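Using the sequences and the accompanying hints, generate a full structural model.
Number of protein chains: 4
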Amino acid sequence: MTSPANHIHRRRVEFADTDAAGVAHFSRLLAMVEEAEHGFFRERGIPILTNDSAWPVVRSEVDFCGACQFGEEIEIRLGDFLPGKSSLAYVFEGTIDGRKVFSGKMTKCHISPATGRAVEISGDVLGKIRGVI
Amino acid sequence: MTSPANHIHRRRVEFADTDAAGVAHFSRLLAMVEEAEHGFFRERGIPILTNDSAWPVVRSEVDFCGACQFGEEIEIRLGDFLPGKSSLAYVFEGTIDGRKVFSGKMTKCHISPATGRAVEISGDVLGKIRGVI
Amino acid sequence: MTSPANHIHRRRVEFADTDAAGVAHFSRLLAMVEEAEHGFFRERGIPILTNDSAWPVVRSEVDFCGACQFGEEIEIRLGDFLPGKSSLAYVFEGTIDGRKVFSGKMTKCHISPATGRAVEISGDVLGKIRGVI
Amino acid sequence: MTSPANHIHRRRVEFADTDAAGVAHFSRLLAMVEEAEHGFFRERGIPILTNDSAWPVVRSEVDFCGACQFGEEIEIRLGDFLPGKSSLAYVFEGTIDGRKVFSGKMTKCHISPATGRAVEISGDVLGKIRGVI
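As they're listed, the protein sequences go chains A, B, C and D.
The first sequence begins at 1 in the numbering used here and counts up by one.
The second sequence begins at 1 in the numbering used here and counts up by one.
The third sequence begins at 1 in the numbering used here and counts up by one.
The fourth sequence begins at 1 in the numbering used here and counts up by one.
For the record, the hints were derived by calculation from the structure and aren't laboratory data.
All values derive from a computational prediction rather than experimental measurement.
By construction, the Cβ of each residue, glycine as well, lies at the ideal position given by its N, Cα and C atoms.
Heads up, some of the hints might be wrong.
Stated by the list, open to error - The calculated lysine-lysine pairs, modelled on BS3-like cross-linking and capped at a C-alpha distance of 30 Å, are:
#	chain 1	residue 1	chain 2	residue 2
1	C	Lys105	C	Lys128
2	C	Lys128	C	Lys100
3	C	Lys128	B	Lys100
4	C	Lys85	B	Lys100
5	D	Lys105	A	Lys105
6	C	Lys105	B	Lys100
7	D	Lys128	A	Lys85
8	C	Lys128	C	Lys85
9	D	Lys100	A	Lys105
10	C	Lys85	C	Lys105
11	A	Lys100	D	Lys85
12	B	Lys105	C	Lys85
13	B	Lys85	C	Lys128
14	C	Lys100	B	Lys85
15	B	Lys105	B	Lys128
16	A	Lys105	D	Lys85
17	A	Lys128	A	Lys100
18	A	Lys100	D	Lys105
19	D	Lys85	A	Lys85
20	D	Lys105	D	Lys128
21	C	Lys128	B	Lys105
22	D	Lys128	D	Lys85
Said to hold, decoys possible - Interface residues of chain A toward chain B, partial, derived using beta-carbon atoms under 7 Å:
#	residue
23	Ala20
24	Ser27
25	Gly71
Given below as structure tokens:
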């Protein structure tokens, strides 16, 4: 993440997030990244799920480099938001007390839930993503 | 469960079902009971979720009496299905190699997803629940 | 809940908590009650999971009386903590903007994770539960 | 996946796997890939989680290309297993009725749970992965 983070989310590793190896299950860490993304959307007034708009993941790439123990607080930073015509990519990094535990890149597609087809991102939403509006 | 079971579901405890105590998280066991219920519905041709029909839980009572380790196979038996005007109650029991690990009772409500209101169970569905049809 | 609540936890319904009926899955609401309980334990300095101590659920009773939509914030109140020799019961209530969405009672057992057997709750922990210490 | 699949896992999309967009949540699809992997391990007699051995994910790459509806059965194929000194990579593909819904690559690390450090994969396990033994 070369640019300053656009959004920071803090989230404790809860018991239901952990697995029998004693740490957060990797699938739950991905759900936490999505929580961070939705926090960014809420903060900027971008609709997350409506009759006209949904944002399914089309690609995720994650490197897991450290264990996240039960009860620890993860700081998830999102940055480098890059909107396309009907897509949105961003990078993320998770740290615990400054120690990096995972990082990666997520690509979402903006679709119409009714048709399941990609839909162009409006200028209004583009502006909100870029922080201009 | 005094009457013969109306439905049997077998389900391995997967890694994502476990928690840091090394066993299946109690919330995942409840999700497995629902899987068993949906298997019963499918077997009898009862719609689970449509535009006209959904079955949210309105009450659950569970006694957990044994640990369910990662990789173990749980047998979940459902029985004593008791339909009301717009509700459906049943009892359940989970065992691992004949050892009881949990049991309880679940009550569902039949609603219209559009209004969120209770809707009378049709005679057709009642017949399917009772195994007459 | 007749007595004043001993602990309050606020938790947004995240996307991964929801199901195809558009609301929080009932199993995730139970996981949130556990989050609230662990918050209470942390606040009072009671160990949640150590080599000597774990608190599995032995009984849960829940009435679900209202839908919890994606993005809504649930306030979970815990109260009436009643410790036994090696057990701990409490009641809980979830509300959204003052509207009750679920309530129930949870009973936990204090065990040794090594043996899986019930272990007497120490005087120190009893004091912390009762708020005396 | 150019080589024949080494393992096939079939798994219905259960209600608790879905989200408010009406389809399986992407994090649950990753948990299902892990279920498939554990099925492969079990089939070949490779320990999944012991005092000496655990296999955390170190990298996951996934392309999601189709929705997985509630109740649909996903066929997950694993192949191209490539063991390193203390790592194991494989590719995966999920299909529903022959329609591709996701694919990707997973890299696991073989560690000692006690130390959290990478541990060389034994010749016995290597043989089992390669199907020689």
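Exercise. Which hints, by number, does the structure contradict?
Worked result: Those not satisfied are hints 3, 7, 13, 19, 21 and 25.
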